[in-house]
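Take the sequences, apply the hints, and build the full model.
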Amino acid sequence: KNQVEQSPQSLIILEGKNCTLQCNYTVSPFSNLRWYKQDTGRGPVSLTIMTFSENTKSNGRYTATLDADTKQSSLHITASQLSDSASYICVVSEPTLTFGKGTMLLVSP
Amino acid sequence: DAGITQSPRYKITETGRQVTLMCHQTWSHSYMFWYRQDLGHGLRLIYYSAAADITDKGEVPDGYVVSRSKTENFPLTLESATRSQTSVYFCASRGNGLYNEQFFGPGTRLTVL
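Residue numbers (this note's numbering), protein chains in the order written: chain F, 1 to 109; chain H, 1001 to 1113.
Source of the hints: derived by calculation from the structure; they are not laboratory data.
Among the clues, some could well be false.
[What the hints assert, rightly or not] Quick look at which bits of chain F chain H covers, simulated, 3 or more residues with Cβ under 8 angstroms: (1) 39-47; (2) 97-107.
[To be verified] Here are the simulated lysine to aspartate or glutamate pairs, EDC-like style, with alpha carbons at most 20 angstroms apart: (3) F:Lys71 - F:Glu54; (4) F:Lys101 - H:Glu1059; (5) F:Lys17 - F:Asp69; (6) F:Lys101 - H:Asp1053; (7) F:Lys57 - H:Glu1101; (8) F:Lys57 - F:Asp84.
Cβ atoms here follow ideal geometry from the backbone N, Cα and C, with glycine treated the same way.
Quick look at the structure:
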C-alpha cells in the first residue's frame, strides 16, 4: 500500500499561471521529504529536499512546504512555463525512498 | 562523463529468457538502487546496494538478481523473464549521507512478450 498520496492526479494550467500540488504521507518517522520532476521518457530529477524540521524550501520558481504535524507537503510553481510540463513526484525518505504516484502537469500555451 | 548511465535503453525479450540490465555511475557513490516504474504505481524499489559486495532487497525483489563486484556497476538480472516484469527500470545512485541527492539514470524500457 502506498503511504504517499498525491493530488491531483493530473492538472492542466495556462502558461504563466501558478499552481500548487499536494502530498499527504503516513510514513513515520522519516528523515526527509523530496520533490522530484520527471520529464516524459527520462529519470526523475530532484527539485527540493526538506528535513522534518524545515517548513519551506525554494528552488527558483519551485517552492515546497512541509507541515510535519499534519503530514502534508505542497509544491508551488510560480509563473509556469511550457517546460514545467512533467510529472511531479513526492518522495518520503525513511531512509529508503517511498514514492508517490505523481501529479501529471500540463502547461498549455 | 555522463554521471549515471543505463543500457540498453530499450529491450524486447520473450518469456523465460534471461535479461541483464546494466547500470554504471562515474561518481564513486556508495549507494546504488534499482527501481521499476509502472502505470498506477509510484517507483518501487527492487534492490539496493550500500557498497561493493553488499546488496539488500527492496519492496519487490522476486524474480530479480543483482550483484555489485565494482563500486561503479550494479547490474540487474531477470533470470527467467515474465510478462509482469514488463516495465521501465531506473537505476539510481547517491553518496553516503541520508540527505544526499539521489541521481537517476535515463531508464530502460523492457518489454517481455
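Against the structure, the hints:
Only residues whose beta carbon comes within less than 8 angstroms of a beta carbon in chain H count, and the segment 39-47 of chain F has 6; three or more means the coverage holds. For the segment 97-107 of chain F, the proposed coverage by chain H is satisfied: 6 residues have a C-beta within less than 8 angstroms of a C-beta in that chain, meeting the threshold of three. Under the criterion of a C-alpha separation no larger than 20 angstroms, the hint pairing lysine 71 (chain F) with glutamate 54 (chain F) is consistent with the structure, at around 13 angstroms. At roughly 15 angstroms between alpha-carbon atoms, lysine 101 (chain F) and glutamate 1059 (chain H) fall within 20 angstroms of each other, so this suggested pair holds.
Proposed proximity of lysine 17 (chain F) and aspartate 69 (chain F) is contradicted: the alpha carbons are some 29 angstroms apart, above 20 angstroms. This hinted pair does not check out: lysine 101 (chain F) and aspartate 1053 (chain H) have alpha carbons roughly 31 angstroms apart, beyond 20 angstroms. Distance check on the hinted pair: lysine 57 (chain F) and glutamate 1101 (chain H) sit about 15 angstroms apart at the alpha-carbon level, within 20 angstroms; holds. For the proposed pair lysine 57 (chain F) and aspartate 84 (chain F), the alpha carbon gap of about 18 angstroms is at most 20 angstroms, so the pair holds.
Checked against the numbered hints given earlier, this structure breaks hints 5 and 6; the rest are met.
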